[in-house]
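Each protein sequence line maps, in turn, to chains C, Z and E. At position 81 of the first sequence (counting the first as 1) the number is 81 in the numbering used here, and the numbers step up by one without a gap. For the numbering used here, count along the second sequence from 1 and bump the result up by 231. For the numbering used here, count along the third sequence from 1 and bump the result up by 480.
Keep in mind that the hints were calculated from the coordinates and are not lab data. The beta-carbon is built from N, C-alpha and C at its ideal position, and this holds for glycine as well. Any given hint could turn out to be false.
As the list claims (entries may be wrong) - Selected chain C positions facing chain E (in silico; Cβ < 8 Å):
1) THR32
2) GLY37
3) GLN38
4) VAL39
5) VAL42
6) VAL88
7) PHE91
8) ILE92
9) VAL95
10) ARG132
11) HIS211
12) ARG212
13) ILE213
14) LEU215
15) LYS221
16) LYS228
Stated by the list, open to error - Derived PhoX-like pairs (lysine-lysine); straight-line CA-CA distance at most 25 Å:
17) LYS133(C) to LYS534(E)
18) LYS228(C) to LYS534(E)
19) LYS221(C) to LYS133(C)
20) LYS226(C) to LYS133(C)
21) LYS140(C) to LYS335(Z)
22) LYS226(C) to LYS71(C)
23) LYS133(C) to LYS335(Z)
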Amino acid sequence: MQPKPLALKILDIASIIALAVATYLALVFAPTEAVMGQVQRVFYFHIGTAWVGLLGFVIAAVAGIAYLITKDARWDRFEVAAVEVSTVFFFITIVLGSIWARPAWNTWWTWDPRLTTAAITELIYIAYFMLRKGIEDPEKRARFGAVYTLLGGISAPITFMVIRLFRTIHPIVIGSANANQEKMSMTGDMKVAFFFGLFAFTVIFIDLIWHRIRLGSLEEKVEQLKLKVSM
Amino acid sequence: MIEKPETLDNRPQTLDRPSSREAAHRPSFIKATLAIVQKDLSAEFRSFELISAMLVFSLLVIIIFNFALELDVKVRESVTSGVLWTTFAFAGTLGLNRSMSVEKDRGCMDGLLLAPVDRSVIYFGKAISNLIFMLIVEAIVLPVYSMLYNVNLFRLDLLGVILLGSIGYAAVGTLLSTMSAQTRTREVLLPILLFPVAMPVLLASVKACNGLLTGAEFSEVLTPLNLLIVYDVIFVAIAFMVFDFVVEE
Amino acid sequence: MLLDATPDTSGYMIAGYVFSFVVMGIYVFSMYLRNANLERDAETLESLQAEEAKKSSSPKKK
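Only chain C is shown next, with the shape it has when bound in the complex (with noise of 0.2 Å):
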């Protein structure tokens, strides 16, 4: 494996930093809310998560359309690193979203539509490593997991479309006018946690695939040896 590149380096203490402050943020600097208490708080870690989650689907269906189009491995790599870091963090997203769900609506778990189309959407992507899973052949598994992110990335959002028509017991902005009154009624500190969350999961999903994509590299590597010596 290729030694890690300075601008690697500089990016991970970059992104322990930025996890660090982003943390400090929400759990000290930003004032606790009135109606909900501290729980509120992980709202700051559910919406980095989630942007991050969602960013790296889109970019995923976007990497296998420009692997069936190129046919580079390197764009195969890029859609499973994508897929794998954001399934992780949208795991986060879920779960911190039902930890939030408890004690705000009494319930562990609501079907709005957010909610929902988030579980389906990770339930795609965890068929997406079960698919690739199942084959043997690199290019085939590179061809057939491009065609289904690229499935996958465009049928969640009409999932969330279709789900909207439902009859919801919440409103729609993350579900409740509680949240909704938060959105919109959120005080300048807690603005500042907000944003920084944004962006410090954004410089640890960067980070995150990066690495993915080395993993990626050696694993290639190692199958490639693999085929060498059987011969």
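Position chains Z and E against the provided structure of chain C, taking the given hints into account.
Frame of chain C; chains Z and E shown alone:
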């Protein structure tokens, strides 16, 4: 006259113009597609393997729902749509799986791939056959359900929605079953791949059918219907563009 | 209807943050593990390759 080798290309009754031999023998898109559909249908009508399996399965699922849900008269109307679509989704998976694995097992797929036609012809042919099988099963399940639960399902608008939903489901299902048939886990993988991606179809169809059955205003039915049509158009287009990448080399 | 006192939901908050850090930590650690395993595999395979190269260039040939 030059001795031409005895190949299929030289059959005198089909060769009108000796010029551009290839063009004369390349069947039109529609003809080729219909040929595949005809092959599937005639194979199926000889044995009825697929349809009978899907049908029996559907009826069993409906019976299970009878016990799983308290389908008393009041609840029935609001739940019929969901029960029907769940049944169609599962039976559809059976049909999609079987249809594709039979191609592989009998080696038909290789033959189809060698034919001088656009790969997308294979996609459209298979998708239409799969759709027809689904529709046949639905055509039988609907009257049975009507009888068992005293719900009138013989409405043109309802049938229209079911048709649109089936089109979307078969379109995506055919593409995905082509992929899953080439994996290690095969049949098991298809529902896992299909259901999340076909969610919009199932959701919109259930919502629209529900609206129709409970006598909701037309606007409530129109929106899911529009989304359903949008989905159908988008995904048939995508499948058409992407099928080449998914069929074995 | 308005609550006079803000409810103490810090338990949930702590659960949320702990969960987030744990999951991120597990993911980073899994990447580290996978990396270490692959490096080891690469080393093993490379030494195997070197051995095979030695064998095939042994004085037996020609």
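Going down the list of hints, with the structure as the test:
1. Given the 8 Å rule on beta carbons, the hint for THR32(C) holds: about 7 Å separates it from the nearest Cβ of chain E.
2. Against a cut-off of 8 Å between C-beta atoms, the interface hint on GLY37(C) holds, since the closest Cβ of chain E lies about 4 Å away.
3. Among the interface hints, the one on GLN38(C) holds; its C-beta lies about 4 Å from the nearest C-beta in chain E, closer than the 8 Å criterion.
4. Nearest Cβ of chain E to the Cβ of VAL39(C): about 4 Å, under the 8 Å cut. The hint holds.
5. Interface restraint check for VAL42(C): the shortest CB-CB distance to chain E comes to about 4 Å, inside 8 Å, so the restraint holds.
6. This hint holds: VAL88(C) has a C-beta 5 Å from the nearest C-beta of chain E, less than the 8 Å allowed.
7. Nearest Cβ of chain E to the Cβ of PHE91(C): about 7 Å, under the 8 Å cut. The hint holds.
8. Annotation: interface hint on ILE92(C) holds; nearest CB of chain E at approximately 5 Å, less than 8 Å.
9. At about 6 Å, the closest approach between the beta carbon of VAL95(C) and any beta carbon in chain E falls short of 8 Å, and the interface hint on this residue holds.
10. Hint on ARG132(C) is violated. Least Cβ distance to chain E is approximately 15 Å, over the 8 Å limit.
11. Because the beta carbon of HIS211(C) sits about 6 Å from the nearest beta carbon in chain E, less than 8 Å, this interface hint is met.
12. Taking 8 Å as the C-beta cut-off, the interface hint given for ARG212(C) holds, the closest approach to chain E being about 7 Å.
13. The criterion of a C-beta within 8 Å of any C-beta in chain E is not met by ILE213(C), whose closest approach is roughly 11 Å, and the hint is violated.
14. Given hint, LEU215(C) at the interface with chain E, holds; its Cβ is 6 Å from that chain's nearest Cβ, closer than 8 Å.
15. Checking LYS221(C) against chain E by beta carbon gives a least distance of about 6 Å; that is within 8 Å, so the hint holds.
16. The beta carbon of LYS228(C) is positioned within 8 Å of a beta carbon in chain E (closest approach about 6 Å), and the interface hint is therefore held.
17. At most 25 Å may separate the alpha-carbon atoms for a hinted pair to count; LYS133(C) and LYS534(E) exceed this at roughly 36 Å.
18. As the CA atoms of LYS228(C) and LYS534(E) are separated by approximately 15 Å, the hinted pair is consistent with the 25 Å bound.
19. As the CA atoms of LYS221(C) and LYS133(C) are separated by approximately 18 Å, the hinted pair is consistent with the 25 Å bound.
20. A C-alpha spacing of about 18 Å is found between LYS226(C) and LYS133(C), which places the hinted pair at or below 25 Å, so the restraint holds.
21. For a cut-off of 25 Å, the pair hint linking LYS140(C) to LYS335(Z) stands: about 17 Å separates their Cα positions.
22. Straight-line distance between C-alpha atoms of LYS226(C) and LYS71(C) comes to about 22 Å, which keeps the hinted pair within the 25 Å bound.
23. Note on LYS133(C) and LYS335(Z): the hinted pairing holds, with a Cα-Cα distance of about 21 Å set against a maximum of 25 Å.
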